[in-house]
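So the chains spell out like this:
2 protein chains.
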Amino acid sequence: MNHQKENIGVIGLGIMGKPMAKNLLNAGYNVTVFNRSSPSMDELSSLGAHKASSPKDVAAKSDIIITMLPDTHDVKTVILGNNGIMEGASENNIIIDMSTISPQITIEIAQSLKNNKLFMLDAPVSGGDTGAINGTLSIMVGGDKNIFDKAYPVFDVLGKNIVHMGENGKGQMTKLCNQVVVAINMEAVCESLILGAKSGLDLNKLLKAIGAGAAGSWALSNLAPRILAKDLNPGFMVKHQQKDLRLALSLAEDLSIPLPCTSLLHQFFRSIEAEGNGKLGTHSLIRYLEKLSDFKLT
Amino acid sequence: MNHQKENIGVIGLGIMGKPMAKNLLNAGYNVTVFNRSSPSMDELSSLGAHKASSPKDVAAKSDIIITMLPDTHDVKTVILGNNGIMEGASENNIIIDMSTISPQITIEIAQSLKNNKLFMLDAPVSGGDTGAINGTLSIMVGGDKNIFDKAYPVFDVLGKNIVHMGENGKGQMTKLCNQVVVAINMEAVCESLILGAKSGLDLNKLLKAIGAGAAGSWALSNLAPRILAKDLNPGFMVKHQQKDLRLALSLAEDLSIPLPCTSLLHQFFRSIEAEGNGKLGTHSLIRYLEKLSDFKLT
Numbered sequence: 597m598n599h600q601k602e603n604i605g606v607i608g609l610g611i612m613g614k615p616m617a618k619n620l621l622n623a624g625y626n627v628t629v630f631n632r633s634s635p636s637m638d639e640l641s642s643l644g645a646h647k648a649s650s651p652k653d654v655a656a657k658s659d660i661i662i663t664m665l666p667d668t669h670d671v672k673t674v675i676l677g678n679n680g681i682m683e684g685a686s687e688n689n690i691i692i693d694m695s696t697i698s699p700q701i702t703i704e705i706a707q708s709l710k711n712n713k714l715f716m717l718d719a720p721v722s723g724g725d726t727g728a729i730n731g732t733l734s735i736m737v738g739g740d741k742n743i744f745d746k747a748y749p750v751f752d753v754l755g756k757n758i759v760h761m762g763e764n765g766k767g768q769m770t771k772l773c774n775q776v777v778v779a780i781n782m783e784a785v786c787e788s789l790i791l792g793a794k795s796g797l798d799l800n801k802l803l804k805a806i807g808a809g810a811a812g813s814w815a816l817s818n819l820a821p822r823i824l825a826k827d828l829n830p831g832f833m834v835k836h837q838q839k840d841l842r843l844a845l846s847l848a849e850d851l852s853i854p855l856p857c858t859s860l861l862h863q864f865f866r867s868i869e870a871e872g873n874g875k876l877g878t879h880s881l882i883r884y885l886e887k888l889s890d891f892k893l894t
Numbered sequence: 597m598n599h600q601k602e603n604i605g606v607i608g609l610g611i612m613g614k615p616m617a618k619n620l621l622n623a624g625y626n627v628t629v630f631n632r633s634s635p636s637m638d639e640l641s642s643l644g645a646h647k648a649s650s651p652k653d654v655a656a657k658s659d660i661i662i663t664m665l666p667d668t669h670d671v672k673t674v675i676l677g678n679n680g681i682m683e684g685a686s687e688n689n690i691i692i693d694m695s696t697i698s699p700q701i702t703i704e705i706a707q708s709l710k711n712n713k714l715f716m717l718d719a720p721v722s723g724g725d726t727g728a729i730n731g732t733l734s735i736m737v738g739g740d741k742n743i744f745d746k747a748y749p750v751f752d753v754l755g756k757n758i759v760h761m762g763e764n765g766k767g768q769m770t771k772l773c774n775q776v777v778v779a780i781n782m783e784a785v786c787e788s789l790i791l792g793a794k795s796g797l798d799l800n801k802l803l804k805a806i807g808a809g810a811a812g813s814w815a816l817s818n819l820a821p822r823i824l825a826k827d828l829n830p831g832f833m834v835k836h837q838q839k840d841l842r843l844a845l846s847l848a849e850d851l852s853i854p855l856p857c858t859s860l861l862h863q864f865f866r867s868i869e870a871e872g873n874g875k876l877g878t879h880s881l882i883r884y885l886e887k888l889s890d891f892k893l894t
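First to last, the protein sequences are chains F and R. Residue numbers are given in my numbering: position 227 of the first sequence equals residue 823, and the series is strictly consecutive. Residue numbers are given in my numbering: position 278 of the second sequence equals residue 874, and the series is strictly consecutive.
Heads up, some of the hints might be wrong.
As the list claims (entries may be wrong) - Taking beta-carbon pairs under 7 Å as the criterion, some of the chain F residues facing chain R (in silico):
hint, residue
1, 637
2, 641
3, 643
4, 644
5, 736
6, 776
As the list claims (entries may be wrong) - Pairwise CB distance ranges, derived in the manner of DEER restraints:
hint, chain 1, residue 1, chain 2, residue 2, range
7, R, 632, F, 700, 26 to 34 Å
8, R, 850, F, 666, 27 to 35 Å
9, F, 867, R, 708, 42 to 50 Å
10, F, 860, R, 818, 53 to 61 Å
Hints were generated in silico from the structure; no laboratory data involved. Backbone N, C-alpha and C fix where the C-beta goes; we use that ideal spot for every residue, glycine too.
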């Protein structure tokens with residue numbers, strides 16, 4: 597343990613939170629963890645983390661508390677609810693929410709914390725489980741700049757493209773803008789693949805021919821090959837992307853911004869959910885195009 | 597002049613054809629050119645090219661004849677029409693059409709040429725004027741493999757990602773798949789920017805935060821910065837992309853493939869044409885989103 601470093605709490609040890617906690621341990625931080633189910637806590641404990649009995653208990657043992665949870669309600673409950681972070685935290689503690697949740701609720705939670713002399717950063721990430729494991733996440737941060745600066749060494753362990761976007765909420769807003777692009781780029785890949793497939797093109801050659809030019813995208817380079825390999829495992833689950841698109845469309849509604857293709861993609865992905873396939877990766881969108889065309893990629 | 601190298605003809609000295617002809621001259625080829633208007637011919641002549649009086653005349657002086665023309669009708673006329681390439685060409689000449697045109701008409705033209713012991717390659721490109729100038733085009737080629745191999749040294753001067761896709765027509769089909777992705781990726785960028793702008797985000801920071809991860813694309817890296825700089829000059833003109841989307845949707849119709857977002861994008865870009873702005877770059881799509889939202893990026 598390095599006594600120069602802050603004590604870090606991590607709440608939520610899922611596909612993202614667990615590898616992030618490991619990276620913090622590996623970087624020499626003193627880490628206290630809490631998760632609703634215990635196997636992940638046991639695993640982290642065996643690597644040197646302390647197990648806590650509640651979010652309040654995590655907060656009591658930490659200077660910086662990270663939350664990585666499924667949705668808005670979970671974050672609000674863990675921070676402001678019974679046995680929550682606010683009950684255990686000490687003055688000037690920093691709560692970093694790295695989940696993707698409502699920007700508006702983020703602003704409200706940050707205000708509640710501020711009223712109790714606690715600081716919040718909203719710091720959602722992009723890069724998936726691979727990014728979490730390799731410590732190469734993109735991190736989009738909202739909150740006071742001096743708090744961002746204090747927390748920077750922690751972000752530096754977890755990611756590599758770390759941008760302070762402005763006040764609380766703006767990290768979340770940035771993430772939602774990210775998800776709009778991610779969802780629509782996936783449709784671009786799928787419409788191209790279905791057209792190419794029924795044209796009789798060799799789809800591997802197609803990807804080679806178009807991937808290096810103006811059609812290039814992360815989705816084309818990383819997810820199209822998985823489609824061709826018939827591997828629809830996540831990556832990033834449809835049901836989680838649907839939650840993010842719901843948040844993006846809600847923000848857009850509040851702002852009176854029509855987002856025609858984002859809105860359509862939310863509906864298209866619902867067809868994947870209707871099949872009971874919400875736990876497939878987002879590239880399972882190809883199944884929707886296949887259904888529309890009554891034609892399957894071979 | 598290098599007597600080892602074939603004589604090359606180039607018909608169509610527009611924004612793409614002119615720099616391509618220059619690159620062939622620089623590579624030591626003997627180049628004969630034809631264009632409907634003469635200033636481009638004079639410019640190429642001053643660099644060492646021979647001026648021809650018609651496509652037939654180009655063909656009579658060339659072993660390999662490249663066409664780089666606006667649309668299907670132009671290519672058909674220049675190859676099969678009066679004073680066209682077929683009238684002037686000698687047995688075993690190779691006609692390379694690098695325009696983006698109908699795959700079906702391409703197949704018909706190739707058959708007509710074959711009946712006259714002439715060979716055709718359809719070899720549309722991606723990479724824009726910059727790619728043409730720098731010789732870094734992506735080239736997607738349809739036609740006999742042995743003809744592709746013979747023409748390869750010429751492609752190698754003009755591009756750097758050169759893929760033989762199969763028989764005639766498949767180069768064009770690949771290009772249309774490319775354009776589907778290009779058009780939809782542009783919408784992804786614009787929906788994200790309008791949402792970010794009205795959320796009050798610093799859009800330069802937004803691009804930095806999301807450009808390196810799962811939202812990354814050529815459009816986000818290359819065209820979004822032009823939008824922020826309020827530079828809507830082409831790149832690639834809306835009216836040319838509209839022609840390509842029309843071809844893609846026609847191919848899709850022939851194949852009974854619904855392409856919902858490609859179809860929408862074709863309509864969205866029509867709104868830019870309705871303003872009389874078809875000569876702006878495709879990133880002027882942001883104007884459509886701005887109109888929908890009654891809000892302008894600042």
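Interface hint for residue 641 (chain F), Cβ within 7 Å of any Cβ on chain R: Where the cut-off is 7 Å and the nearest Cβ of chain R is about 31 Å from residue 641 (chain F), the hint is violated.
53 to 61 Å as the expected CB spacing between residue 818 (chain R) and residue 860 (chain F), which holds or is violated: 25 Å, violated
Evaluation of the interface hint that places residue 637 (chain F) against chain R, nearest CB under 7 Å: 29 Å, violated
Pairwise beta carbon distance, residue 632 (chain R) to residue 700 (chain F), judged against the given window 26 to 34 Å: At roughly 59 Å between Cβ atoms, residue 700 (chain F) and residue 632 (chain R) fall outside 26 to 34 Å, so the hint is violated.
Outcome for the supplied range 27 to 35 Å, where the beta carbon pair is residue 850 (chain R) and residue 666 (chain F): 45 Å, violated
Interface restraint verdict for residue 644 (chain F) against chain R (beta-carbon cut-off 7 Å): Residue 644 (chain F) check fails; min Cβ-Cβ to chain R is 30 Å, beyond 7 Å.
Status of the residue 643 (chain F) interface restraint (C-beta, 7 Å, chain R): With a closest approach of 27 Å, the residue 643 (chain F) hint is violated.
Hint check for residue 708 (chain R) and residue 867 (chain F) - Cβ pair distance inside 42 to 50 Å: 44 Å, holds
Interface hint compliance - residue 736 (chain F) to chain R, C-beta minimum distance less than 7 Å: 5 Å, holds
Restraint outcome when residue 776 (chain F) is required to lie within 7 Å of chain R by C-beta distance: 5 Å, holds
Figure legend: structure checked against the earlier numbered hints; hints not met, in rising order: 1, 2, 3, 4, 7, 8 and 10.
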